[in-house]
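Novice: The lines below spell out each chain.
Protein chains: 2
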Amino acid sequence: MANKDSTLGIQYDKLEDTNAWYTEVITKSGLIEYTDVSGCYILRPKAQYIWDTIRNYMDKKLRARGVRNASFPLFIPEHLLMKEKEHVEGFSPEVAWVTHAGNSKLAERLAVRPTSETIMYPAYAKWIRSYNDLPLKLNQWCSVVRWEFKHPMPFLRSREFHWQEGHTAFATQEEAKAEATDILLNVYKKTYEELLAIPSLAGYKSEKEKFAGAVRTLSLEMFLPIGKAIQGCTTHYLGQNFSKPFNIIFLDKDQKKKHPHQNSWGFSTRSIGIMVMMHSDSRGLVLPPKVAEHKVIIIPIFTKSNRDEILKYALSIKKKLSKFNPILDAREQYSVGWKLNEAELNGVPIRIEVGKRELADKSVTLVRRDTLEKQSVSIRRLERRVKDELQAMHQNLFKRAEQFLESSIVEETKELKKIVAYVKAKRVVKTVYDGARETDEIIKEKTGAKTLVIPFKEKLKQGLRCPFSGNPAKHVVYIARSL
Amino acid sequence: MANKDSTLGIQYDKLEDTNAWYTEVITKSGLIEYTDVSGCYILRPKAQYIWDTIRNYMDKKLRARGVRNASFPLFIPEHLLMKEKEHVEGFSPEVAWVTHAGNSKLAERLAVRPTSETIMYPAYAKWIRSYNDLPLKLNQWCSVVRWEFKHPMPFLRSREFHWQEGHTAFATQEEAKAEATDILLNVYKKTYEELLAIPSLAGYKSEKEKFAGAVRTLSLEMFLPIGKAIQGCTTHYLGQNFSKPFNIIFLDKDQKKKHPHQNSWGFSTRSIGIMVMMHSDSRGLVLPPKVAEHKVIIIPIFTKSNRDEILKYALSIKKKLSKFNPILDAREQYSVGWKLNEAELNGVPIRIEVGKRELADKSVTLVRRDTLEKQSVSIRRLERRVKDELQAMHQNLFKRAEQFLESSIVEETKELKKIVAYVKAKRVVKTVYDGARETDEIIKEKTGAKTLVIPFKEKLKQGLRCPFSGNPAKHVVYIARSL
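Sequence lines, in order, name chains A and B. Using our numbering, the first residue of the first sequence is number 1, and each one after it goes up by one. Using our numbering, the first residue of the second sequence is number 1, and each one after it goes up by one.
A couple of the hints might just be wrong.
Identical chains blur together in the list; that is why a pair holds if it fits in one copy or across any two.
[What the hints assert, rightly or not] Quick list of in silico lysine-lysine cross-link-like pairs, DSSO-like style, CA-CA up to 27 Å: (1) LYS137 to LYS339; (2) LYS304 to LYS189; (3) LYS414 to LYS362; (4) LYS126 to LYS339; (5) LYS318 to LYS60.
Note that these hints are calculated values from the structure, not bench results.
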């Protein structure tokens with residue numbers, strides 16, 4: 001389904017008009033279609049393929065950790081949503097409410113789940129009786145609804161989004177905390193790195209930025225080429241904040257009744273938006289090879305006189321490369337130039353051109369989407385070469401993003417003026433602060449930045465003061481402007 | 001998580017008190033947990049495993065047919081739901097309506113999707129321009145909500161349920177009709193047979209029973225051991241009933257503008273309920289091996305004196321059978337009797353007992369869940385034997401259900417009195433009728449039965465009259481009481 005009616009190429013500039021550029025890339029490349037419901041989007045097959053790939057990859061890792069999939073109801077009765085005070089306050093301004101069924105008014109309003117703690121944990125209270133029932137580790141793949149009133153952006157800030165949410169319960173605090181770190185670093189960070197070629201900063205969220213109801217939130221933060229940070233995903237150590245109001249009690253080995261320690265953690269389709277923002281360019285989408293449904297597109301270049309032999313040659317190459325699920329673009333109503341542009345717009349990792357010269361040489365011209373450099377490859381070595389180039393492309397995308405992140409970080413722990421200037425210059429500032437809620441507000445006000453994360457292994461120098469409040473510094477922290 | 005607080009076994013009789021028996025089986029075996037929202041249930045990991053297995057199996061078959069996955073929004077604006085007259089009338093009495101977001105009233109009510117035709121097809125109108133864009137074949141895995149006011153039953157009649165819905169568009173009527181049959185017979189019927197060991201009757205639904213908005217609905221019907229029929233899944237040929245109001249138009253090869261012919265088709269978690277009803281018994285769940293997460297449970301029988309050597313032996317068997325994902329039930333706080341009962345309740349396809357005698361013999365005692373017969377198997381042959389027994393169990397479940405179905409069918413095309421008596425005797429009656437909507441009503445009134453399906457290849461004898469209306473007979477039809 002080509003965009004025959006609109007201009008093919010990308011018209012807006014990534015850095016100068018980011019939102020318009022982003023919208024063009026995701027719609028013209030066929031990831032997203034808009035609908036009549038503001039903030040709700042269609043994930044077209046290309047986007048769904050990315051999400052299904054993430055799902056399969058992550059499910060394996062979760063199963064290896066004893067996490068099992070389940071499905072909990074879409075609807076949460078109002079009285080359940082209200083059980084944990086901070087949680088309610090965090091979510092109720094954004095809840096979509098079902099009030100009627102058919103022509104009848106419901107006795108109690110039902111929230112469309114914004115997250116599932118409050119519909120899951122009454123069941124946890126039934127299932128967990130003794131230490132033998134712990135740990136309990138469940139996960140569900142579903143969509144959730146948060147009716148934000150800010151300007152919506154597909155993937156990045158949508159009213160309905162897809163995610164997995166893991167909900168686990170442990171006998172001890174230590175086990176719970178260890179799992180929150182394990183999922184963040186060994187599942188989520190790996191998914192970002194190995195599938196989406198995206199590096200990140202890991203750490204704790206500030207008191208102000210943590211999840212509503214959590215004791216502690218852990219997060220991955222990405223830094224985008226447009227000079228803004230974005231939160232990639234989070235894991236939450238909930239402590240006993242939910243097990244107490246939801247009356248989850250187990251009889252421990254010592255015969256004492258205790259509340260388990262809980263975690264929840266989620267990874268969403270926001271990751272696809274971050275992937276687009278990170279790698280795509282003025283020609284359109286750049287898809288990391290592992291999440292590309294079609295890893296190769298073959299474009300035959302022919303005239304009337306050599307059409308049949310070129311197509312035959314192209315077809316033999318398609319067969320040779322079948323494990324990469326190649327497209328053969330043999331359409332005759334489009335020019336070669338159009339096809340090349342479209343392949344770039346669509347982000348196909350490797351483009352292979354075959355014409356008269358290639359046929360004579362028994363070779364192909366191979367172009368990687370990230371470098372756009374042309375290479376001649378003998379068909380004898382083609383299969384192996386494609387494999388290598390896909391791997392090299394993944395590495396290159398990751399390295400590029402990593403170098404950008406590293407070169408963006410600047411350390412300044414003392415002078416507020418310098419910090420303000422660095423933030424303005426689109427840098428990530430590694431600084432120190434006192435960790436107080438109010439100080440997050442001061443940082444926002446004075447610099448325009450948000451706190452991203454407090455790194456796990458902080459090396460806080462003695463005697464430093466918080467450059468924002470003047471209080472003694474308690475944490476190392478990364479700050480930057482956020483999307 | 002054993003049900004330590006309640007009686008372990010099944011107390012109600014499948015035939016005499018079906019609903020209570022069903023509820024006991026699905027809750028005590030750990031498939032389902034009830035929630036505070038009436039009609040909405042938790043699919044526990046065991047049920048989710050069945051559903052994920054169906055999903056993976058079906059996805060492969062659909063991909064081979066060029067069907068691609070996508071995700072469309074959960075919400076449908078009221079004006080879109082209203083576009084196709086019969087469709088609205090069919091669904092609006094059961095729609096859950098979102099009216100508020102946070103504290104704001106929405107400008108237009110949003111339906112929580114009861115099915116997705118009306119949110120998908122405006123996008124189809126954008127994507128389909130020429131015959132080159134056809135066929136368009138998309139599928140989504142999601143949950144839908146139909147707020148039925150009848151007594152809800154988990155899986156079989158729930159207000160939220162999980163399904164896949166395929167939505168396809170073709171240039172010609174022939175292609176569309178052929179696909180509706182292909183999906184029914186080569187995807188759905190195969191899924192029921194090969195995964196769930198369930199046979200079915202295939203055919204067309206009557207005018208009265210077809211999908212709201214369809215030209216024609218095709219269906220699989222199952223006949224349960226309780227003597228009632230149930231609809232297993234459906235495919236719909238929608239004709240141009242939606243492509244016209246939704247303004248889906250393509251330019252055909254002949255340069256004429258045309259409306260495509262569409263299908264929609266769905267397979268839901270109802271299939272899991274049918275599986276329970278079909279195979280399970282007075283001891284609890286019977287799981288067809290292909291959808292059992294754990295295909296084997298090993299129960300060691302030991303005393304204090306031989307505990308260690310028996311457990312060691314049991315562990316070696318667990319290792320040997322690792323590809324069947326076995327459970328080793330080494331819990332010491334439960335008696336062997338309790339464990340055997342629990343394994344039966346949980347429906348584990350193969351139970352392996354190992355005690356003193358087995359250790360001495362280098363054998364195990366193997367018990368298949370469907371036959372409950374004990375067999376001694378040498379450990380040298382164990383792996384192969386388990387594989388064979390799992391296959392044999394699948395075959396046996398299918399054959400048993402098939403024989404029951406076949407023996408339940410009785411043909412009677414003339415005497416209404418006999419038809420009434422057969423229906424009362426819990427038979428499936430193969431009869432004839434005139435196909436009119438009103439005649440479905442007469443059948444219901446006079447016999448208590450519903451029309452199930454009109455078989456695809458009817459052999460209607462000349463000159464027969466409809467035994468219900470007296471009009472000339474038009475179709476062969478199966479009728480029976482329905483769940």
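Novice: All hints are to be evaluated individually against the structure, with a verdict given for each.
Specialist: Do the hints match the structure? See the list:
{"no.": "1", "hint": "LYS137 to LYS339", "verdict": "between (48 Å within a copy, 23 Å between copies)"}
{"no.": "2", "hint": "LYS304 to LYS189", "verdict": "neither (51 Å within a copy, 48 Å between copies)"}
{"no.": "3", "hint": "LYS414 to LYS362", "verdict": "neither (64 Å within a copy, 75 Å between copies)"}
{"no.": "4", "hint": "LYS126 to LYS339", "verdict": "between (59 Å within a copy, 21 Å between copies)"}
{"no.": "5", "hint": "LYS318 to LYS60", "verdict": "between (31 Å within a copy, 21 Å between copies)"}
When each numbered hint is compared with the structure, violations occur for hints 2, 3.
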